[in-house]
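K.L.:
Since the structure of chain E is already known, use the hints to place chain Z on it.
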Amino acid sequence: MVLGGENTLSGSAPTANGHVKESNGFIPHSNGHVPQYKDDKIKKMSQESFEPVPLLVACLTYLGYGMLVLFGYFRDFLRKSGVETTHSTIERKKMKDFVPLYQSFESFYTRNLYTRIRDCWNRPICSVPSAEFDVSERVSDDGNWHLRLTGKSRRCVNLGSYNYLGFAENKGPCADAAAEALQQYGAGVCSTRQELGNYRIHEELEETTARFLGVEDAVTFGMGFATNSMNIPALMGGKGCLILSDELNHASLVLGARLCSTVIKVFKHNDIEDVERKLREAIINGQPRTHRAWRKILIIVEGIYSMEGSIIKLPDFIRLKKKYGAYLYLDEAHSVGALGETGRGVTEYWGVDPRDVDIMMGTFTKSFGAAGGYIAGSKRLINHLRAYSHSTTYACSMSAPVAQQVISSMKIIMGEDGTNRGQLRIKQLAANSKYFRQRLVEMGFIVYGNDDSPIVPVLLYMPAKIAAFSRELYQQNVGVVVVGFPATPLVESRARFCLSAAHTREMLDKVLDAISDVGDRLQLKYSLNSPVKAVSAEECYSQVDSLAHKA
Amino acid sequence: MAVEDVMVEPWYMMQMVQAFLQAPVYHIVIEVLLIVWIIGLLFSKSYRIQERVQLTEKEKEDLLAEWKPEPLVPDTPEDHPALHPRVVSGKAGLKVVVDGKECLNLATLNFLGMLGNKRIEKAANTALYKYGVGSCGPRGFYGTVDVHLDLEDKLAKYTRTEEAILYAYGFATIASAIPAYSKRGDIVFCDEGACFAIQKGLLASRSKVVYFKHNDMEDLERLLKEQAKDDKKNPKKAAVTRRFVLVEGIYMNYGDIVPLPKLVELKYKYKVRIFIEESASFGVLGDNGRGVTEHFGVPIEDIDLISANMEMSLASIGGFCCGDSFVIDHQRLSGQGYCFSASLPPMLSVAASEALRIMEEKPGIFEELRTRCQWLHAKLSSIPGLKVCGEPISPIMHLQLAAPSSRAEDTKKLETMCNECMNQGVALTVARYLEQEEHLVPPPSIRVAVNVELTEDDIDHATAVITNVAKMVL
Chain E
1 MVLGGENTLS GSAPTANGHV KESNGFIPHS NGHVPQYKDD KIKKMSQESF EPVPLLVACL
61 TYLGYGMLVL FGYFRDFLRK SGVETTHSTI ERKKMKDFVP LYQSFESFYT RNLYTRIRDC
121 WNRPICSVPS AEFDVSERVS DDGNWHLRLT GKSRRCVNLG SYNYLGFAEN KGPCADAAAE
181 ALQQYGAGVC STRQELGNYR IHEELEETTA RFLGVEDAVT FGMGFATNSM NIPALMGGKG
241 CLILSDELNH ASLVLGARLC STVIKVFKHN DIEDVERKLR EAIINGQPRT HRAWRKILII
301 VEGIYSMEGS IIKLPDFIRL KKKYGAYLYL DEAHSVGALG ETGRGVTEYW GVDPRDVDIM
361 MGTFTKSFGA AGGYIAGSKR LINHLRAYSH STTYACSMSA PVAQQVISSM KIIMGEDGTN
421 RGQLRIKQLA ANSKYFRQRL VEMGFIVYGN DDSPIVPVLL YMPAKIAAFS RELYQQNVGV
481 VVVGFPATPL VESRARFCLS AAHTREMLDK VLDAISDVGD RLQLKYSLNS PVKAVSAEEC
541 YSQVDSLAHK A
Chain Z
552 MAVEDVMVEP WYMMQMVQAF LQAPVYHIVI EVLLIVWIIG LLFSKSYRIQ ERVQLTEKEK
612 EDLLAEWKPE PLVPDTPEDH PALHPRVVSG KAGLKVVVDG KECLNLATLN FLGMLGNKRI
672 EKAANTALYK YGVGSCGPRG FYGTVDVHLD LEDKLAKYTR TEEAILYAYG FATIASAIPA
732 YSKRGDIVFC DEGACFAIQK GLLASRSKVV YFKHNDMEDL ERLLKEQAKD DKKNPKKAAV
792 TRRFVLVEGI YMNYGDIVPL PKLVELKYKY KVRIFIEESA SFGVLGDNGR GVTEHFGVPI
852 EDIDLISANM EMSLASIGGF CCGDSFVIDH QRLSGQGYCF SASLPPMLSV AASEALRIME
912 EKPGIFEELR TRCQWLHAKL SSIPGLKVCG EPISPIMHLQ LAAPSSRAED TKKLETMCNE
972 CMNQGVALTV ARYLEQEEHL VPPPSIRVAV NVELTEDDID HATAVITNVA KMVL
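Taken in order, these protein sequences are the chains called E and Z.
Following the numbering used here, the numbering of the first sequence begins with 1 at its first residue and continues without gaps.
Following the numbering used here, the numbering of the second sequence begins with 552 at its first residue and continues without gaps.
Looking at chain E on its own, in the form it has when it is part of the complex:
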């Protein structure tokens, strides 16, 4: 029951006087930058709930999948015998002597399970993905094999897009600045950073990013995914390097690690004891077979995990990496902008020095409403990447208007526009996250993750409920994201809500009513914990109100 109950930070039990033991890393021995937190504050910050699946629900979920598989075989039989018409595409006759392009199980799953509920994903939108968006309506004439746009759309509250600070806007100062950059530079670039694609605006973006994060330098790339997959190999190339990777790391990190052709070890999600064990073992035993010492060891983690809503226990990781001499790669795709008093991300959230993290990576897609990613850190690191990153050498540079969007939104967050609008957005997001999550818990849903995370996963478990939940809420004009196998473990299908600073409390109240209603009808309020009363809305929003008042 690893994930059961509440995980306290680092597992070291608090002593009687209410202070954490020294081994925790918070109190002495770390560095001067770490403020000395009181025990209860740390405990609160690291409070993450992963209520285990109730036994009956687990059994029923397996039963559900069993039924689906049986029906799948039955329908495959019907299709083979010609009773049911096949709508899937088939390969050209010319190619019949070729080795089949796909493995059979994969297509079985797609054909018989995914296709039935495929309308819950890839829903096209036809507006800006802000607090509300227009979702195009689709119908299927052939049992969900093909979806056809009806031409109509539905105005929904947007709980799916990663628009944490609400910068997905089609008007206002950011859009105007982006339009100006478009005028000045055009849309594309047609060259790489190392050749003739190094624009003045890229340099400005990198200066701004480094200043925002409080590190020496930064380098930016046109795609968030590629920032990981094309830069990790430049850091850990060659034999004799070891990568320790969290089991729930994003696909881009996994791919980047894989492209290094080095040894990769996976540790349990956010489990500092497991990391320490693996790290010690690795250093003591050295490389496999030769037992030669490792050249370097890199620990790769994310700030907020996008499927779990959990927050990395950063101070513990920093303590470990300092103690043993490993390096730390922190992917802040979901946390930069979304966490911390001034949006500096997970380092600010925990009050640690960003310079203690060797490689600060993040994306511009989410909090900044743009696209692309950055890597920030020491001058030496960034120089190395400028010279040897796959991306700076071979890939087209970032589009200028996109770069401008990041610069503008970042400056607003830093308050460099002379207003407190950025601060207001951060507070609004924090309040929304807190309010929304607590209300869901109060209703009796099983909610995963950290109390402060703007990502709120709610467990659905059963495959049929994935579709029902998504469709029912869509009918009530709420756009949500649902996720099932293989993106989650088989029995842990879930819905994931992403809060935004653009959401107003009224919107969320409306959505919560709808969710509660659907939850009752679909019997989704699984939680066996004793009900917790949510903190009042007034308390959640007090900081926002006072700040708005000041403005």
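Worth flagging that the hints you see were computed from the coordinates, not collected in a lab.
It should be emphasised that the depicted structure is a prediction, and the values quoted were computed from it without experimental measurement.
Stretch by stretch, here's where chain Z covers chain E in the computed footprint (C-beta under 8 Å, at least three residues): (1) 127-135; (2) 173-180; (3) 273-285.
Pairwise CB distance ranges, derived in the manner of DEER restraints: (4) Leu634(Z) - Pro531(E): 58 to 66 Å; (5) Phe108(E) - Asp770(Z): 36 to 44 Å; (6) Glu989(Z) - Leu528(E): 56 to 64 Å; (7) Thr86(E) - Lys788(Z): 28 to 36 Å; (8) Pro935(Z) - Glu207(E): 38 to 46 Å; (9) Gln925(Z) - Arg116(E): 55 to 63 Å; (10) Lys788(Z) - Glu91(E): 20 to 28 Å; (11) Leu1025(Z) - Pro173(E): 48 to 56 Å; (12) Glu1007(Z) - Glu207(E): 41 to 49 Å; (13) Pro173(E) - Lys813(Z): 51 to 59 Å; (14) Ser140(E) - Lys813(Z): 42 to 50 Å.
To give an idea of the chain Z side of the interface with chain E (calculated C-beta under 8 Å), a few residues: (15) Pro636; (16) Glu672; (17) Thr980.
Note that CB positions come from ideal geometry on N, CA and C, so glycine has one too.
P.N.:
Showing chain Z alone in chain E's frame:
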């Protein structure tokens, strides 16, 4: 006969039970021990050659304290060109302002002059004020915007294929497409001159990679024959081993064109699927710019997958793959760069759409481009001390030294040439590679890119400057 068999069995069983009951105790004990021993053997681990070393806690702590990691990254040489990049301010069209000086642009891959096109800017601007900048999500989770679907439709229609799929980053397009199909155990025959994105895709796929000599179909056939021989030895394995050939339409690193008709012949003969990377040939080759298939008049259905980025001819960002729905649709669940990345910013999708529309409206533009390529190719070929690598109709040409010496020295000479040309108003760039990581590093070269807006005067001017500089430097 059959009836007897059935009759015999229960009798036999009865005998066994009886024998068991009558057996002496020591017999049973021995047999039970034997069984336990066998089970023990089955479950015990195979013997170890080395004794397992048990370290004391102190020894462990010593090892931990002794271990000193290498620095995360080495120091980058101060004179590395990436640390002193040239800064472009303003649009990189036919003219570009580099480090404050206006130059004729022969460096960026803006073949059709779409970068700087007013119509495209206007369309992108309208999209910006409708959709904002970012799409804020992957395609699966509300990151699909109607303009993405529209562009996919248009691309499929334009290339005359069944379906197209969009990626948010040019490099990620082919690098994600390859591992979506080719898995561990499959075999990929790849041109050894293939670009870096293909190499990374192959690495990610974990397939067996067999490189054939650059653009040498005979060498490819030799390897395919060898493979066919191996397949005969192990037909069971051969029946599940997918085979692919990976080539580029116009090779980014060489500027030459793949001999496609021969390749298609080999495809059906040896049952290999063809994937083509068409970044440099889409919007360039063929009467309508449909690429290398149109150039050779090969039916596009004979190609299993075509991938191209939209960062050259279309002068936007991102890339696409096109082909039969049977093939392409698979990437919507298996293309990593498609599933796990935020989608292309809608305004950039609109920019690409508009560029495609211009291509449709002005099919003459491709012939114009080819004429300019031929002009420039002929002129550059006459410069003493340099040689031009690539087909005359390719908009990418590599200027190499006619008398090469060491790699470092050549690169330095070419860098000096580029800098000097820049001072004289012609922007050029050395083709950059990660020499340690490339499968086969092409010879050092200046990569010249042709823009359709070049006039004859521009070309004469550029040639004169390069000739002068070559005389000075070489």
